[in-house]
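Novice: Letter by letter, the chains look like this.
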Amino acid sequence: MTNPLRSPKDQRLPRIAGPCGMVLFGVTGDLARKKVMPAIYDLANRGFLPPGFSLVGFARRDWADEDFAQIVHDAVREHARTPFREETWQQLCEGIRFVAGDLSDAAAYDELSRVVADLDEKRGTGGNHAFYLSIPPGLFPVVLEHLKTSGLATNTPDAWRRVVIEKPFGHDLESAQQLNELVGTVFDTGSVFRIDHYLGKETVQNILAVRFANEMFEPLWNSNYVDNVQITMAEDIGIGGRAGYYDGIGAARDVIQNHLLQLLALTAMEEPLTFAAAEVRAEKEKVLSAVRLPKDLGAHTARGQYAAGWQGGIPVLGYLQEEGIDPDSHTETFAAMRVDIDNRRWAGVPFYLRTGKRLGRRVTEVAVIFKRAPHLPFLAEAVQELGNNALVFRIQPDEGITVRFGSKVPDTSSMEVRDVTMDFQYGETFTESSPEAYERLILDVLIGDPPLFPRHVEVELGWKILDPVLDFWAQQGQPDQYVSGGWGPPIQYDMLARDGRAWRRP
Amino acid sequence: MIRLEKTSGGAVAAAINAERHRLGSPTTGMVLTLLIMADEETQSDATAAAASVARQHPMRIITLIGRPEGRAAQLDAEISVGGDEGPGEVAILRLRGELAEHGNSVAVPLLLPDTPVVAYWPGSAPDVPADSPIGRHSQRRITDAAAADDPIEALRTRKRGYRPGDTDLAWARCTQWRSVLAAAFDAPLGEVHHIRVEGERDNPSVILLGAWLSQCFQASVETVWNENLGISSVTLDLDDGQMSITRQDEKTACIARPGRADAQITLPRRSTPALMAEELRRLDPDDMYGSVITNLEI
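The listed protein sequences correspond, in order, to chains A and B. According to the numbering used here, the first sequence is numbered sequentially starting from 1. According to the numbering used here, the second sequence is numbered sequentially starting from 1.
Hints should not be assumed to be uniformly reliable.
Said to hold, decoys possible - Below, in silico cross-link-like pairs of lysine to aspartate or glutamate (DMTMM-like), each with a Cα-Cα straight-line distance of 25 Å or less:
#1 B:K251 <-> A:D74
#2 B:K159 <-> A:D10
#3 A:K167 <-> A:E323
#4 A:K408 <-> A:D227
#5 A:K122 <-> B:D186
#6 A:K9 <-> B:E191
#7 A:K286 <-> A:D467
#8 B:K251 <-> A:E86
#9 A:K122 <-> B:D237
Hints were generated in silico from the structure; no laboratory data involved.
Model the full assembly from the supplied sequences, consistent with the hints where possible.
Specialist: Okay, here's the thing in structure tokens:
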């Protein structure tokens, strides 16, 4: 039966999750405290959660409900985006429960089942629960197995059970397939939500809007006019307290396999029939399947490790000196690679992907760099300062779009031309109505709206692209050191110089 | 802040541009022009509310204040660009003497090129906003029936003068109630036989909410006035009992449903900036409002 209060012509009503709750595994992790808990509070504060929404924490701690509530409270106070309101907190707090137990203890899952059933009865969560696995992937098998045997994972026609997992989705193709198989034995494909928080960003979704809602960009969006595409995600921080996670994983697995390849897919894909999940996914999968690596990986990839130095005026440790890192570690903190896309639209246009830690500043952008005009009717000296035209999606921070083109320098007697930029910035992101990526994604999980979540095929295609590079690097010894606070190792410049190109400074 | 006296619309536009240049950012990403038709009593709040919304929707805000009382026609302006109040451009214009009747001539040179124009009457509004000189080049026209001396009469006027693109803040004040109600009915609750909406005497939002529910459920609606502020409760008669949402304080409400424990929900009263932000999110005609206001039986 359709809801008589919902109508397509009603533009104002927001989507609110139906009766449901969330069970959070891994309650003390950085991600849980800095992103998940604040996002849940922000959603509650903005009125997007159903009355009776419940949050159950599960961990091996000797805690009562109040202790867990205190953890959530502190996380919310420190990290929530919207102002703290006691009333919102009180409502949320009433639905907070904690189940103490080892992840491998069957009795603890029985207790969890009891708590969940109790919430269904007392708070009206209706049997709908999302299991958010904010735990190391090594623990997935034991948790999933218990969710299955305890019956917690069982979907019924009137009550859904969903699972949310975070990257890394494996560390290579084989492990990704194993993980997918494992999850698949417990939850059906439609109930698995893989979070790539980049896809929850407004600016990332805006790539599709700009490309497919306009007439002025798409005709140029091909190898006739585009010279190359540069996708950069730079972080100014080091690995912080994530040594245990990061060492052995590295920049390429951590960022390129998911975020950068997703950005590539959105930038390069063909127009989907509609924006329904299946149609967008089909186009993304198609373009990712067409991605090819260069034959000479030594010439067209680069990697590095940050060295001790100064960053923005602050002395910082090198990667090998960070606590918990093996001084002989071969893990890269900077990775760059060229890929090509074998289709009619993109043949001959290299896509350069790069990411790194301890770089000059925190920035993520997609730069589409156009060819030079075929003929310039100016004196050679007059266009010396003219570069290639570019269209840049600024993903973060300072979200927006920059267009770069040549313009006459005022008050010069000859036709002096120089690059100028035109900036678009849509509002400011700290307003209450512009949600953080996690808010958007968690709400989508609770509503059951899948377009912004990668399916396993995309994940596996990512590993198919990356695996040969990782294998090649594994034979190359330790990565080059690079100066903290700069833009990465010098070999990345050689990598582009070989193609007659240069990185733009983001 | 720049003050100009005995000036003209063109000179105000030039002054805004000059100020932009002086601040070093001559290009802007403005998405719309908002024209506010106010009097001295309403102008300050309305302008401040709009300026804070400009964080979300960068815009040029032109507040036109009619001061017809017996002086020679004269335009005085106060201009501020990108201050603490928000990133937008704000021009507060006082139209003195006979000029008060010709606000449109002042507004035209100030409209940003090729971007939407929104008109907002925080106090009294023309009978047919779309036919007013300002309304004619605005694609969205926002009124506020609650601000009228006789809000119920104002609703009647809105109904008679409705054109697609009109909307009213009294309708925006219903959104959160509507959203909570719609969410409650995402899980089927069966047929609705009767609707009762209680709230502040003559509050137009009470009437609009009832009319919307009645239209959606094809059920009779009863309005009960009380001395509270705004909408205080909605009660729906179902097959197996009653479902109700009752405001408890400024921020929360209680939802009661048959066979379920009562639950607290967040239902904060919203400020004018929040309502304006909602209004400016979509600039195409609000068809649901159109259908509710034109079918209103009052």
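Novice: Each hint: holds or not?
Specialist: Now the hints, each set against the structure:
Restraint check for B:K251 and A:D74: the C-alpha separation of about 22 Å stays at or below 25 Å, so the hint holds. Taking the CA atoms of B:K159 and A:D10, the gap is about 18 Å. The hint holds against a cut of 25 Å. Note on A:K167 and A:E323: the hinted pairing holds, with a Cα-Cα distance of about 23 Å set against a maximum of 25 Å. A distance of roughly 23 Å separates the Cα atoms of A:K408 and A:D227; the hinted pair therefore holds under the 25 Å criterion.
For the hint pairing A:K122 with B:D186, the CA-to-CA distance comes to about 19 Å; that is within 25 Å, so the pair holds. At most 25 Å may separate the alpha-carbon atoms for a hinted pair to count; A:K9 and B:E191 meet this at roughly 22 Å. This hinted pair checks out: A:K286 and A:D467 have alpha carbons roughly 19 Å apart, not beyond 25 Å. Distance restraint check for B:K251 and A:E86: the Cα-Cα separation of roughly 10 Å lies within the 25 Å cut-off, and the hinted pair is therefore satisfied.
In summary, the hint linking A:K122 to B:D237 is supported, as the alpha carbons are separated by about 23 Å, within the 25 Å threshold.
Of the numbered hints given earlier, the model fails none.
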